[in-house]
Amino acid sequence: MTREQSPVEKLKARSNFLRGTLAASLSNLVSGALAGDDTQISKFHGVYQQDNRDERAERNRQKLEPAWRFMIRARIPGGIVTPAQWRDLDALARRYADASLRLTTRQAIQFHGVIKCDLRNTIRGINDTLLDTLAACGDVNRNVMCAPLANFSAIHTQALQVAQAISNHLTPRTRAYHELWLDGENVAAEPEHEPLYGSSYLPRKFKIAVAIPPVNDVDIYAQDLGFIAIARDGELAGFNVTVGGGMGVTHGDAATYPRAADAIGFCSPDQAIAVAEQVVLLQRDFGDRSNRRHARLKYTIDDRGVDWFREALATRLDTPLTAPRAFRFTHRGDPVGWARAADGCWNLTIHVPQGRVRDGDEARLLSGLNAIASSHAGEFRLTPNQNLIVAGVPDDGRSAIDRQLADYGIDTLQSASGLRQQALACVALPTCGLAMAEAERYLPDFSNAVERLLARHGLEDLPLSLRISGCPNGCSRPYLAEVALVGKAPGRYNLHLGGSVNGDRLNTMVAENLDEAGILAELDRRLARYAESRQHGEAFGDFAARTARTEGAVTPA
Amino acid sequence: MSSAVQPVQAMPLSADGLDELHQAVAGFDREQLLWTSGYLAGLARLEGEPPPHTPASAAATGEGLTVFFATETGNSRKIAGDIVSAGQAHGLTVDTVDLARCKPRQLARTRNALFVVATHGIGEPPEGTDGFFDVWLGDTAPALANLRYGVLALGDSSYADFCEAGRQLDTALANCGATRIIERVDCDVDFTAAAGHWVEKAVKMAAACDDETPGKAVLRAVSSPAPIDRKRPHRAPVIVNQRITGRRSSRDVRHVELDIDGAGLAYLPGDSLGVVSSNPPRIVDAVLEAAGLDGDVIVALDGDDLAAAAALGERLEITAVSRPFLDAIARREDGLSQKLSDRAFLRDYLETRQVVDVLHEFPVDWTEQSLVDALRRLPPRLYSIASAPNVNPGEAHITVTVLDYERFGRAHWGSASGFLADEPSSVPVYIEQNPRFRLPEDADAPVVMIGAGTGVAPYRAFVEQRRELGQRGPNWLIFGNRNLDSDFLYQQEWLQYHEEGYLRHLDVAFSRDQADKIYVQHRIMEQGRRLVDWIDQGAFLYVCGDAKCMAVDVHAAILAVLEQYAGLSGEAAVERLDELRASGRYLRDVY
Ligand code: SRM
Ligand SMILES: Cc1cc2nc3c(=O)[nH]c(=O)nc-3n(C[C@H](O)[C@H](O)[C@H](O)COP(=O)(O)OP(=O)(O)OC[C@H]3O[C@@H](n4cnc5c(N)ncnc54)[C@H](O)[C@@H]3O)c2cc1C
Ligand SMILES: Cc1cc2nc3c(=O)[nH]c(=O)nc-3n(C[C@H](O)[C@H](O)[C@H](O)COP(=O)(O)O)c2cc1C
Ligand code: SF4
Numbered sequence: 001m002t003r004e005q006s007p008v009e010k011l012k013a014r015s016n017f018l019r020g021t022l023a024a025s026l027s028n029l030v031s032g033a034l035a036g037d038d039t040q041i042s043k044f045h046g047v048y049q050q051d052n053r054d055e056r057a058e059r060n061r062q063k064l065e066p067a068w069r070f071m072i073r074a075r076i077p078g079g080i081v082t083p084a085q086w087r088d089l090d091a092l093a094r095r096y097a098d099a100s101l102r103l104t105t106r107q108a109i110q111f112h113g114v115i116k117c118d119l120r121n122t123i124r125g126i127n128d129t130l131l132d133t134l135a136a137c138g139d140v141n142r143n144v145m146c147a148p149l150a151n152f153s154a155i156h157t158q159a160l161q162v163a164q165a166i167s168n169h170l171t172p173r174t175r176a177y178h179e180l181w182l183d184g185e186n187v188a189a190e191p192e193h194e195p196l197y198g199s200s201y202l203p204r205k206f207k208i209a210v211a212i213p214p215v216n217d218v219d220i221y222a223q224d225l226g227f228i229a230i231a232r233d234g235e236l237a238g239f240n241v242t243v244g245g246g247m248g249v250t251h252g253d254a255a256t257y258p259r260a261a262d263a264i265g266f267c268s269p270d271q272a273i274a275v276a277e278q279v280v281l282l283q284r285d286f287g288d289r290s291n292r293r294h295a296r297l298k299y300t301i302d303d304r305g306v307d308w309f310r311e312a313l314a315t316r317l318d319t320p321l322t323a324p325r326a327f328r329f330t331h332r333g334d335p336v337g338w339a340r341a342a343d344g345c346w347n348l349t350i351h352v353p354q355g356r357v358r359d360g361d362e363a364r365l366l367s368g369l370n371a372i373a374s375s376h377a378g379e380f381r382l383t384p385n386q387n388l389i390v391a392g393v394p395d396d397g398r399s400a401i402d403r404q405l406a407d408y409g410i411d412t413l414q415s416a417s418g419l420r421q422q423a424l425a426c427v428a429l430p431t432c433g434l435a436m437a438e439a440e441r442y443l444p445d446f447s448n449a450v451e452r453l454l455a456r457h458g459l460e461d462l463p464l465s466l467r468i469s470g471c472p473n474g475c476s477r478p479y480l481a482e483v484a485l486v487g488k489a490p491g492r493y494n495l496h497l498g499g500s501v502n503g504d505r506l507n508t509m510v511a512e513n514l515d516e517a518g519i520l521a522e523l524d525r526r527l528a529r530y531a532e533s534r535q536h537g538e539a540f541g542d543f544a545a546r547t548a549r550t551e552g553a554v555t556p557a
Numbered sequence: 001m002s003s004a005v006q007p008v009q010a011m012p013l014s015a016d017g018l019d020e021l022h023q024a025v026a027g028f029d030r031e032q033l034l035w036t037s038g039y040l041a042g043l044a045r046l047e048g049e050p051p052p053h054t055p056a057s058a059a060a061t062g063e064g065l066t067v068f069f070a071t072e073t074g075n076s077r078k079i080a081g082d083i084v085s086a087g088q089a090h091g092l093t094v095d096t097v098d099l100a101r102c103k104p105r106q107l108a109r110t111r112n113a114l115f116v117v118a119t120h121g122i123g124e125p126p127e128g129t130d131g132f133f134d135v136w137l138g139d140t141a142p143a144l145a146n147l148r149y150g151v152l153a154l155g156d157s158s159y160a161d162f163c164e165a166g167r168q169l170d171t172a173l174a175n176c177g178a179t180r181i182i183e184r185v186d187c188d189v190d191f192t193a194a195a196g197h198w199v200e201k202a203v204k205m206a207a208a209c210d211d212e213t214p215g216k217a218v219l220r221a222v223s224s225p226a227p228i229d230r231k232r233p234h235r236a237p238v239i240v241n242q243r244i245t246g247r248r249s250s251r252d253v254r255h256v257e258l259d260i261d262g263a264g265l266a267y268l269p270g271d272s273l274g275v276v277s278s279n280p281p282r283i284v285d286a287v288l289e290a291a292g293l294d295g296d297v298i299v300a301l302d303g304d305d306l307a308a309a310a311a312l313g314e315r316l317e318i319t320a321v322s323r324p325f326l327d328a329i330a331r332r333e334d335g336l337s338q339k340l341s342d343r344a345f346l347r348d349y350l351e352t353r354q355v356v357d358v359l360h361e362f363p364v365d366w367t368e369q370s371l372v373d374a375l376r377r378l379p380p381r382l383y384s385i386a387s388a389p390n391v392n393p394g395e396a397h398i399t400v401t402v403l404d405y406e407r408f409g410r411a412h413w414g415s416a417s418g419f420l421a422d423e424p425s426s427v428p429v430y431i432e433q434n435p436r437f438r439l440p441e442d443a444d445a446p447v448v449m450i451g452a453g454t455g456v457a458p459y460r461a462f463v464e465q466r467r468e469l470g471q472r473g474p475n476w477l478i479f480g481n482r483n484l485d486s487d488f489l490y491q492q493e494w495l496q497y498h499e500e501g502y503l504r505h506l507d508v509a510f511s512r513d514q515a516d517k518i519y520v521q522h523r524i525m526e527q528g529r530r531l532v533d534w535i536d537q538g539a540f541l542y543v544c545g546d547a548k549c550m551a552v553d554v555h556a557a558i559l560a561v562l563e564q565y566a567g568l569s570g571e572a573a574v575e576r577l578d579e580l581r582a583s584g585r586y587l588r589d590v591y
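In order, the protein sequence lines correspond to chains A and B.
When we follow this note's numbering, the leftmost residue of the first sequence carries the number 1, and every step to the right adds one.
When we follow this note's numbering, the leftmost residue of the second sequence carries the number 1, and every step to the right adds one.
Be a bit skeptical, because a hint or two may be false.
[To be verified] According to the in silico footprint, chain A covers these stretches of chain B (three or more CB under 8 Å from chain A): (1) 239-251; (2) 350-361; (3) 477-488; (4) 510-523.
[What the hints assert, rightly or not] Only some residues are given here: those of chain A computed to face chain B with a beta carbon under 10 Å: (5) Leu-29; (6) Gln-62; (7) Ala-67; (8) Arg-549.
None of these hints come from the bench; they were simulated from the model.
Note that the Cβ used here is the ideal one computed from N, Cα and C, for glycine as well.
Just chain A, same shape as in the assembly (with noise of 0.2 Å):
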């Protein structure tokens, strides 16, 4: 049934290519904002158009147009960055955007601010260091996540390359990215072509991860397509294929539902690339183009049904997935503070609240992490928990390293809380166009609200996966924690309960559009019977997923 192409299906395929008028947008002075329709090309080029959503109403009273910055994703497989690489970064984040990096939920990097005029002298800073924004966003395969673990090293480093692999396979090829923004020229002596996408690329964005057991940190059940990694005495033996993971909802549109990824086989190592091109074939030829919000491989393998989705699969595979084999996931978050690696070096993984890498009054995160990259020789590798890992640190380099955090007052958060090491916020407000409520700045306060709650029931090292979103779309992987709150409007989010601590199950939404002490007040009473009732060593989430059913939801204030 060949239904309407949405508008930005429309859009992609006169796109020439994702080129869109976007050269005639970037001269045009008179406005900081790109035309209309290059808004959504320039996301392929890992370019958002937002504006300062502080200032809206007294840019409109000051008869100034809104404050158009733009966000610019780099895009980093596996989030391995070098220490030089990290330098570049930090000077661009200074000169151009707001003197701020912010880690992401795939291991990336963003910057914040940036104004039109200096676009491309970021992008092509951004290029010089061997790192590109291309297909950062848009309807394309994303960022390729992989466990940054190094604890398993031979594991570890055969992984990053099979995601690395995969990252280059599916790269859009259109010369579009670099006549824009790095040399300029339209060489188009060949025709463009794009072997795997064609002209109209993917019906939506599509995300891959490769986790590691027993760290689920990649959250594999909210990824379209996951490779969990098998191992046997020490060696990678293969991957379980997982497909269909996905979080955006929308208010209010039961057509729309988070869902968690299904494993539908094991592959080798290198039937890894074949597996991951076939998989996003199929997306691109069955997922939905007239509606986006119904476009996502979820469900095109809901419509469906998974055995459909696993006999396409095993049709164009050479050969086809056997069973999956055992694994098991303990937990997702990230071991902060020292920790020795299979190779003898050290690796310090400092939690970067709300990845936001930034000089605060006291903790001066962006200048010392910029001091500990020029005298650093290892890597500095980015967690799916927006922190970051000092990795290969040589036995007697580690209290020069503690001294650099101590100049710039950095606390690796070693001694914090459980939940306060595991809390993840979206960007949502000032820059977040889709933002209804606060994530990223109200995070710190209502941890802290939290804490005292678990203080007062003797749950002070509770380790609770705790996750706020500014609204549905699901950007910290709300659905899968054990406690959220999805943004509905200022200040109001629903509560919901229920995830596992290892992140293999949805939670339920439980109350709706709460205040923050109607949020406090669910939760203590929640917490108190959990501490009364709970059995033993009972995970909070587990707890509630249980008692769901008897304790019914809230009616919203």
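Based on these hints, arrange chain B with the ligands on the given structure of chain A.
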């Protein structure tokens, strides 16, 4: 000007009342019609009391007197009007001539002439009168043996070339053999008293010479003082006082809307609003402190006894430095006196110093009274009106850069812009007409508007007015300022006009958005082809904003474009631009 007035239902005038009105204004030009509407509205405000001044019939004999005036902001034109009425009292027929609109040779055929000449720019004759000055100041000036003349020079002692134009004309006419019947007087900005005495004396002298030869009776301008003027400003309630530069801008520019409803203040786009404000207290305190004086001490000023702080705050110029103030110091502090003779030093010093700086740099033991005596009266400040009368009835909008800067180790503020920045509830204002910065009467004429910073203000009135009147002439704005993000004044409005197509072209130059500085003149060069095409299609070119640099650079750029794209030689380009200026198609309102 179509004289058919569509009758309005329930018209308060009877049919013949309307006819009388038609005859009364028959023959009035556009300026006089506008002025009369203001005058009548003023009468309405006075509930119909008879106007204080009824024009006498012209019964004079004798050869008559011609008053030549050179003006930009209307003061000289007003004094010319005073000479006309003074002339009548002496049975003298007086003809007024605007030097910007007369043939220079006409002077050779004149017997009795009085000149009221203002100085503008940097010691230059007013806009449009340089044709006249070039002839009579040039070394090929013809003889004027039978001319009897006198010159009244208007100026501002805060400029280094004080009354330069008047002074040069006075000497030049004597060199041509003309006989001076009255010594020149150089008037500062508060010219009323000095000018009044000179007019009285000059008319008596002219009347004395007049009885030998008969002249023709000509009386054109009906001059009687409008109810509202700089001496009797209207205290306009403030409707809006809104900063319109973004929070990251290095300047605070205010959009101020004033309620002038019912005050009989009619204006046209291109006119300015005179602000008769007082000095912010922080400036008074800074001056008192710099001079080591006590604001409570009572001083005498214009026959009143008041506290020194009140005198400084309400009546005296305590920011811009004037020559008399420096002379007063030079008399007690010899370090300064020989410096004042160096014109370059004086010009730079007057432009970069405020009174508070002079008090610190040349300390003198002042008394409250001696300081008050050394300072000149506080003149009003002018601001281009940024609203179209038809679109904002009863309102006048202005766009003001708040002067607030750090220099010589101390803070400085502007007097009027500081007063406005303090968000007063009302502002004393009057209208300063500017007949030389009018929209074309031809509704289809193309208009090119070049402005930097608050120089964009009159263009807001222009485009609003043209659009309201449904005029189809294409409009092209070239706007310059520092940064797109925070300094694009009225950006929302320009973008909307541009999208609507009402603004055919919108070129912008934001000097600090890129490494090298880009200004409006660079955009003029880039769009040279289009500019020449527009000029050929009859376009009117307007330039508004900074006089010192922008206006000079823009002038040079237009000449360069005429050379490059209209294929004119250097001289031909200068002639072409002068032609445009003479025909009223190259208009400037620069400050
Ligand atoms: C930065 C980041 C959140 C963070 O704090 O880390 C983020 C930020 C934004 N996401 Fe996201 N998403 C981020 C991870 C996610 C995730 C989690 C994940 O990928 O594991 C999800 C849920 C998984 C999924 O895709 O289902 C997610 C689901 C969305 C959606 C909903 C997509 C859908 O299928 O409905 C949108 C809206 C859309 O695409 O229409 C969205 C859109 C956005 C935008 C670009 C808003 C927009 O479209 O204008 C946000 C930019 C805000 C800003 O000012 O920076 N983001 N977004 C994450 C960047 C990831 C990266 O580097 O690529
Ligand atoms: C026809 C006309 C139209 C005008 N239109 C506008 C308009 O639309 N908007 C507008 O903002 N202004 C306009 N002006 C200028 C305005 O009239 C005032 O001159 C201006 O606002 C400053 O007045 P003020 O009383 O605030 O400052 P003042 O109290 O007059 O202080 C000015 C003095 O401060 C010193 N000074 C000023 N700037 C500097 C500097 N950068 N560095 C060092 N010293 C400095 C100088 O000594 C100067 O004499 C116009 C002027 C004219 C003649
Ligand atoms: C932009 C500008 C520049 C001026 N330059 C001078 C000058 O160089 N020398 C001077 O004596 N007066 C100068 N003046 C003061 C005018 O001569 C004075 O205001 C005079 O009253 C104006 O008369 P008018 O209204 O007839 O033009 C200047 C005024 C303005 C607005
Ligand atoms: S969850 Fe919503 S508010 Fe938060 S970053 Fe994503 S789109 Fe923006």
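Okay, the hints, checked on the actual structure:
Residues of the region 239-251 of chain B with a Cβ under 8 Å from some Cβ of chain A number 6, which satisfies the need for three, so the listed coverage holds. A count of 0 residues in the region 350-361 of chain B with a Cβ less than 8 Å from any Cβ of chain A is obtained; the coverage claim is therefore unmet, three being the minimum. By the rule of at least three residues with a Cβ nearer than 8 Å to a Cβ of chain A, the coverage given for the region 477-488 of chain B holds, with 4 such residues. Judged by the Cβ-Cβ criterion of 8 Å, the region 510-523 of chain B is covered by chain A as claimed, because 3 of its residues qualify and three suffice.
Interface hint status for Leu-29/A: upheld, as the beta-carbon distance to the closest one in chain B is roughly 5 Å, under 10 Å. At a threshold of 10 Å, the smallest CB-CB gap from Gln-62/A to chain B is about 5 Å, leaving the interface hint in force. For Ala-67/A, the shortest C-beta to C-beta distance to chain B is roughly 7 Å, which falls under 10 Å, so the interface hint holds. The closest approach between the C-beta of Arg-549/A and any C-beta of chain B is roughly 53 Å, which is over the 10 Å cut-off, so the hint fails.
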